[in-house]
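Chain residues, written in single-letter form:
2 protein chains.
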Amino acid sequence: MMNGRIYNFSAGPSMLPEPVLLRIQEELLNCGGSGMSVLEMSHRSKVYDDIICGAVENVREVMQVPDNYKILFLHGGATGLFAALPMNLGTKSGIADYIVSGNFSGGAYKEAKKYLKEARLAGSSEADNFNHIPTPEELTLSPDADYLHVCWNNTIFGTTWKYIPDSGDVPLIADMSSSIMSEPVDVSRFGAIYAGVQKNLAPAGVTLLIIREDLITDPMPITPKIWNFKTQVEKNSMLNTPPTFPIYCVKLVTDYLKETGGLEAIAKKNREKAAILYDYLDSQDFYKTSVKKEDRSMMNVTFRTSSEELDKAFVAGQAERGFSNLKGHRLVGGMRASIYNAMPKEGVEALVAYMKDFAAAH
Amino acid sequence: MMNGRIYNFSAGPSMLPEPVLLRIQEELLNCGGSGMSVLEMSHRSKVYDDIICGAVENVREVMQVPDNYKILFLHGGATGLFAALPMNLGTKSGIADYIVSGNFSGGAYKEAKKYLKEARLAGSSEADNFNHIPTPEELTLSPDADYLHVCWNNTIFGTTWKYIPDSGDVPLIADMSSSIMSEPVDVSRFGAIYAGVQKNLAPAGVTLLIIREDLITDPMPITPKIWNFKTQVEKNSMLNTPPTFPIYCVKLVTDYLKETGGLEAIAKKNREKAAILYDYLDSQDFYKTSVKKEDRSMMNVTFRTSSEELDKAFVAGQAERGFSNLKGHRLVGGMRASIYNAMPKEGVEALVAYMKDFAAAH
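Protein sequences appear in the order of chains G and L. The opening position of the first sequence corresponds to residue 1 in the numbering used here, with each subsequent residue numbered one higher. The opening position of the second sequence corresponds to residue 1 in the numbering used here, with each subsequent residue numbered one higher.
Honestly, I wouldn't trust all of these hints.
Any copy will do: because identical chains look the same in the list, a pair fits if it lies in one copy or spans two.
Claimed, not checked - Restricting the straight-line Cα-Cα distance to at most 30 Å, the calculated cross-link-like pairs of lysine-lysine (BS3-like) are:
hint, residue 1, residue 2
1, K230, K113
2, K230, K293
3, K345, K46
4, K46, K258
5, K312, K46
6, K235, K312
7, K345, K312
8, K356, K46
9, K113, K46
Calculated directly from the structure, the hints in this document are not laboratory data.
Given the sequences, and given the hints that come with them, work out the whole structure.
This is the structure:
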């Protein structure tokens, strides 16, 4: 790596493409000849309007978002949306289905209970410590639900949906925080897709929401105005001062995605990166991964040795190899390598080399 | 100005100190020898923990925040807090007093009605188009209120509180978004002070909340978890991923404030800057300002010529002089010069020179 930089396997916030960082650095004092930093720009100015509109256009182009979907930038992270979604979408029957496949989907389910007449547990893999995504047979879906909620990629456990659950006419809402723009997705199969940007798109601080127009109606009266989707659509995400800098970064990151071949190209790269790690894991038995093979995440790879002591030693040795953030989440233990879009293939190769050396030495 | 930079009179987001921008730029790819950008840092890492704790310590030191106050960084801007405050503080009598002295205090009042049993209008200067701050005689305060809310500096109208309303035992809550850290404030006189950071402290994207410990209790059950003050205190503002970058900027800006003499020094500079503009305004009659003299804001100076046509010409001529964002808010018209902490005295002098030239030419 250049500039004394390391391979940062953080689950989020996480690595950004170096060309994007260099661009931010270059124009930090004077953005686009405006005579001011992007950090200082009025969100009501022409120069910033070009940035936010450019970000929206890029998201639409890169993800091939159909015309009948709106694209919003909102406050509060995905956890904020856990409240905002039932407030905005749970207004007909007041019932919604939640599939719990990990920590964040569980958090979304719990938060929704505050606002809905009934938040239903439509499926869960908790009994198996979230080592898989619930199968179609494990789901009990409600035809009268206002929506079905899933978390697409489970950052902590290292699993991801490989099939789209068939919810019939019930809109499917997906938290894609840790997989957004890592591969092509058929947006038209979803009622809404949302994502905290801090894994694949930008530094922390803004939430991307892609939502089908017909789902945008008057929300519950208790909805904080910053989360009224209808008003935010009318105001182009600028009902109040938006988090201007992360939105600018989304613009730059999606510019970069477009220049480097879009989602097809990044998906190919991500598949290769994940295969390097999983192929190695499957080839030996020093490290184990508890995740069901067919549900493995391409973004977050969890593994462990035979003992907590060795896990600790593995994590302790990372800095010397130029790595960071390989420690697994406290709910799972062991190790986790988050290999989002911006992690170079060389980083994954270097990690596997370390894993081999460590296994040989122990 | 250096680096092709201009004098940006934006009401927010607004200018940041150039030494801070240079520091951000310098360490953008590798922050503090961590091998990663601050934009890429896990909020759970040691290196980031030092940043957020440093920001909190700096706020405490610079504003001399007493020990029995907590300091939080929250999502959603001041507008988000308009909802979060009644949810957290309006739980005893369910009654709160709101003084409406401008646009944002009106917005806070309106938002609070969604959550309180009763949001009372305790005073207003709307009948005078907000040209002054309500006097003590114009207030009707409720001794049974859970709190009294004011907006300390009215960005749009250019007025500011010069006295602290006497609310007795009722905690006084102040939105100080556009005056925070512009001069010393006796924090102990307030139950809570909050501020969107995008005027004096950082780029947009985080809200600073300083709140007296005894006011932190269980909020209303409908409170979104990201705005549960009690939980956020327990989690050191990291219940979910916080907006890491603006918090880092708060750290750098408050470092800079400390290095340059703290609030006493910046207040002196701000008084000088404002005096240059107001003294000129008082010395002539080409430009008028409708704000009552004793309530003039030190941060936002509003003025106009005798006609909308001339106002337009004035604003149209700003770019040539190296200025931007001098157009007044649409609710007021005319012009507005926002001269926050980071606006150099030279910028204000250059503006007055332009005003004189423009007046002479018309």
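(request) Since the copies are identical, ignore which copy is meant and state whether K345 and K46 lie within 30 Å (CA to CA) inside a copy, between copies, both or neither. (result) For K345 and K46, the Cα distance is within 30 Å only across copies (26 Å; inside one copy 39 Å).
(request) Could you figure out if K356 and K46 sit no more than 30 Å apart (CA to CA) within one copy, between two copies, both or neither? (result) The answer is between: 28 Å across copies meets 30 Å, while 54 Å in one copy does not.
(request) Indicate which option fits the pair K235, K312 if close means a Cα-Cα distance not exceeding 30 Å: within, between, both or neither. (result) So K235 and K312 pass the 30 Å test across copies only (25 Å; inside, 50 Å).
(request) Give the relationship of K312 and K46 under a CA distance limit of 30 Å: within one copy only, between copies only, both, or neither. (result) Result: close only across copies, 17 Å inter versus 52 Å intra.
(request) Up to 30 Å between alpha-carbons, please classify K230 paired with K293: within, between, both or neither. (result) Neither way: K230 and K293 sit 41 Å apart in one copy and 41 Å across, limit 30 Å.
(message) At most 30 Å between alpha carbons: which applies to K230 and K113, within, between, both or neither?
(response) both (22 Å within a copy, 20 Å between copies)
(request) Up to 30 Å between alpha-carbons, please classify K113 paired with K46: within, between, both or neither. (result) Intra 42 Å, inter 34 Å, cutoff 30 Å: neither.
(request) Measure nothing new, just compare the shortest in-copy and cross-copy C-alpha distances for K46 and K258 to 30 Å and report within, between, both or neither. (result) within (24 Å within a copy, 35 Å between copies)
(request) With 30 Å as the alpha-carbon cut-off, assign the pair K345 and K312 to within, between, both or neither. (result) Intra 25 Å, inter 55 Å, cutoff 30 Å: intra-copy only.
Going down the numbered hints, you'll see the structure goes against 2, 9, while the others check out.
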